[in-house]
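Student: Residue numbers (my numbering): -11 to 270.
Check before you lean on any hint, since a few could be wrong.
As the list claims (entries may be wrong) - Straight-line alpha carbon distances no greater than 30 Å define the calculated DSSO-like cross-link-like pairs of lysine-lysine that follow:
id : residue 1 : residue 2
1  : Lys192    : Lys48
2  : Lys127    : Lys48
3  : Lys166    : Lys48
4  : Lys127    : Lys166
5  : Lys192    : Lys166
Claimed, not checked - Computed spacing ranges between beta-carbons, pair by pair:
id : residue 1 : residue 2 : range
6  : Pro3      : Glu118    : 38 to 46 Å
7  : Glu232    : Leu53     : 15 to 23 Å
8  : Leu131    : Glu203    : 36 to 44 Å
9  : Glu118    : Asp5      : 46 to 54 Å
Because the hints were derived from the structure by calculation, they are not lab data. Owing to the predicted nature of the structure, the values given are computational and were not obtained by experimental measurement. Built from N, CA and C at the ideal position, the CB exists for glycine as well.
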Amino acid sequence: MPAPERLPAPGVTDPGDIEELLTEGELTVVGRIREASNAVLLCTVTRGGTSTECVYKPVKGERPLWDFPDGNLARREVAAYLVSRATGWDLVPATVLRDGPYGEGMVQQWIASAGPEGDSPEGALLALVEGEEAGDGWKPVALAEVGEGRTALLVHADDPRLRRLSVLDAVINNGDRKGGHLLPAPDGRLYGIDHGVTFHSEDKLRTLLWGWAGEPLTDEARDTLTRLAADLAEGAPLATRLAELITTAELAAVRDRVAHLLSTGTHPHPSGQWPAIPWPPV
């Protein structure tokens, strides 16, 4: 069935209120996203006369991952949201862990996606360009085969929203930042979704957002990481909540990654231990 239009909850804009609606509201399944590799159910959630659309991913619908043997995708998705909230950048839609029609799962606010920002390549977040130069306003990622023996340069926009997301991905160790996981909203904000393969204690960073690799972090990013380090200290509320969602080793690795980013003061390079770009990239 076609996906419904993504609409915010009328009159609900505060993240805390959205979390409450997602957690306490009555969850009704209305459809399924069939192209997803795991069970992804489209739902409505209603409470006190307020209703909105959301996504429900039950743990029972997850396929086991050999390289992520601990925990589950749903809890890592919630952990990613909590870290995003702590940065103040709010790059991940409101996400909660709750019981639903098919048992425990994550429930996430359904964001109204504006799609590509314009009809021209210059208006998009990602593009393929001929030649070996990215051009003004773009950051090069890698050469890509486009058929018939031809290659093109994959680039992403030199966009502060993407740059913040690249820092968040480095913190949560996102192993699957694809183009299809970027949602530009009609209000100009940018969201990232699908954070089930995150928080591994080993380096698993795979992303399309390598354009800033080796460049100095912005002052804003350094300030944000400094605050985040305090929030991750043992006994801090964020650390306590994360400890309920990810393993002790994974939480320690988050702290280490934040400390490393602050120590180097630069965006990370690919480790070389894993493919740097997820497949398929979009």
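Student: Work down the list of hints and note, for each, if the structure agrees.
Tutor: Structure-based check of each hint:
1. Lys192 to Lys48: holds, 24 Å
2. Lys127 to Lys48: violated, 40 Å
3. Lys166 to Lys48: holds, 24 Å
4. Lys127 to Lys166: Given that 30 Å is the threshold and the Cα spacing comes to 16 Å, the pair holds.
5. Lys192 to Lys166: holds, 14 Å
6. Pro3 to Glu118: 38 to 46 Å: Hint holds: Cβ distance 42 Å, inside 38 to 46 Å.
7. Glu232 to Leu53: 15 to 23 Å: Distance hint for Glu232, Leu53 holds at roughly 21 Å.
8. Leu131 to Glu203: 36 to 44 Å: violated, 20 Å
9. Glu118 to Asp5: 46 to 54 Å: Since the Cβ atoms of Glu118 and Asp5 sit about 48 Å apart, the hinted range of 46 to 54 Å holds.
Violated hints, listed in ascending order, are 2 and 8; each of the other numbered hints is respected by the structure.
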